[in-house]
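Trainee: Given next are the chains, with one letter for each unit.
Protein chains: 2
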Amino acid sequence: MKRIIPYAHELLQEVVQDGDVAIDATCGNGHDTLLLSRLVGINGEVHSFDIQEQAITNTSQLLKENHVTNVQLHLDGHENVDKYLHDKAVRAAIFNLGYLPGEDHSIITKPETTIEAIQKIQDRLVTGGRIVLVIYHGHEGGREEKESVVSYCEALDQKHFEVTRYEFINQINRPPFVVAIEKRK
Amino acid sequence: MKRIIPYAHELLQEVVQDGDVAIDATCGNGHDTLLLSRLVGINGEVHSFDIQEQAITNTSQLLKENHVTNVQLHLDGHENVDKYLHDKAVRAAIFNLGYLPGEDHSIITKPETTIEAIQKIQDRLVTGGRIVLVIYHGHEGGREEKESVVSYCEALDQKHFEVTRYEFINQINRPPFVVAIEKRK
Numbered sequence: 001m002k003r004i005i006p007y008a009h010e011l012l013q014e015v016v017q018d019g020d021v022a023i024d025a026t027c028g029n030g031h032d033t034l035l036l037s038r039l040v041g042i043n044g045e046v047h048s049f050d051i052q053e054q055a056i057t058n059t060s061q062l063l064k065e066n067h068v069t070n071v072q073l074h075l076d077g078h079e080n081v082d083k084y085l086h087d088k089a090v091r092a093a094i095f096n097l098g099y100l101p102g103e104d105h106s107i108i109t110k111p112e113t114t115i116e117a118i119q120k121i122q123d124r125l126v127t128g129g130r131i132v133l134v135i136y137h138g139h140e141g142g143r144e145e146k147e148s149v150v151s152y153c154e155a156l157d158q159k160h161f162e163v164t165r166y167e168f169i170n171q172i173n174r175p176p177f178v179v180a181i182e183k184r185k
Numbered sequence: 001m002k003r004i005i006p007y008a009h010e011l012l013q014e015v016v017q018d019g020d021v022a023i024d025a026t027c028g029n030g031h032d033t034l035l036l037s038r039l040v041g042i043n044g045e046v047h048s049f050d051i052q053e054q055a056i057t058n059t060s061q062l063l064k065e066n067h068v069t070n071v072q073l074h075l076d077g078h079e080n081v082d083k084y085l086h087d088k089a090v091r092a093a094i095f096n097l098g099y100l101p102g103e104d105h106s107i108i109t110k111p112e113t114t115i116e117a118i119q120k121i122q123d124r125l126v127t128g129g130r131i132v133l134v135i136y137h138g139h140e141g142g143r144e145e146k147e148s149v150v151s152y153c154e155a156l157d158q159k160h161f162e163v164t165r166y167e168f169i170n171q172i173n174r175p176p177f178v179v180a181i182e183k184r185k
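The listed protein sequences derive, respectively, from chains F and P.
Oh and the first sequence: position 155 is 155 in our numbering, straight run, nothing missing.
Oh and the second sequence: position 152 is 152 in our numbering, straight run, nothing missing.
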């Protein structure tokens, strides 16, 4: 059955085209940023956010190794996305909610800032554009964030957005799941 | 975003091969039976169940129009699947839980018999084989069935089965969703 990370990437690959603007809201080790940079191509641009210097350093290194030139890294919270995007139309964004794998597990994304970032990005989405949330919730504070973010997404007006959820439901170790928001006409 | 019925069909298409045994546990108007008959080919066999004569009649008509010869229709509850399958290995099964569209809405699938059928089929699944449940739950009794069946699936041992759920979560009209069970090694 389709795994969570490939499923999340497929949701991006289905919509992101050459020349698009895309956002990695939590750049972590940079893998999603690299994927987005390839999808938008040399005519596109990717904005990648993280509040941890280590994440920006790791991502910067990965981008250098891959000779990537279309990414702007921001050592800043994703709730400040509007400072960098202004009124640019956005095709896609990805969030990994939880903590940076291998790093300090006390630094986690918070529901208030996550939701603020989603709101700012949803207002900039083009028709057919998507926000993909990969929600890790096994850590302390994870349940609270999961519930707040899922409730927010469930309440999005179906006239303007479609929201889907995909998850493995019989695993005892609370695996991550995906919530995806797509802008309708 | 991928719709529910195409998603359910894709889960079948990904695994069913020429020569397989497959089950339409609720044949309804016969569309899933027709899909399965094409996937298993002339060397395969499809067993289709329904407790309503109208469903068997509709399906029989559709199969005739399409010159299908590899389907056995059973006017019987899917909980009696073992009477017809004996110990045959099964590649895939699909259930539409709820009522037959356009027909008597008081005749609905019931959680006890649904779960009995799932149990009998899961024991006959080959490795990689799938049971796909499309769960309609907007009707009277639908919530009870949904909760029983989902709880059953959530409790399936992850050593032997993977279980996923895919749904639209911001629609107020309680749309159907998909639960899929895949047999592991």
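Among these hints, one or two may not hold up.
Intra- or inter-copy, both count: the list cannot distinguish identical chains.
Claimed, not checked - SDA-like mimics (lysine to any residue), calculated; alpha carbons at most 25 angstroms apart, straight line:
id	residue 1	residue 2
1	Lys159	Ile42
2	Lys64	His137
3	Lys120	Glu65
4	Lys88	Gln171
5	Lys2	Thr57
6	Lys185	Pro175
7	Lys185	Arg3
8	Lys2	Glu112
9	Lys2	Ile169
10	Lys88	Asn70
Because the hints were derived from the structure by calculation, they are not lab data.
Trainee: Which of the numbered hints above does this structure break?
Mentor: 1, 2, 3, 4, 5 and 8
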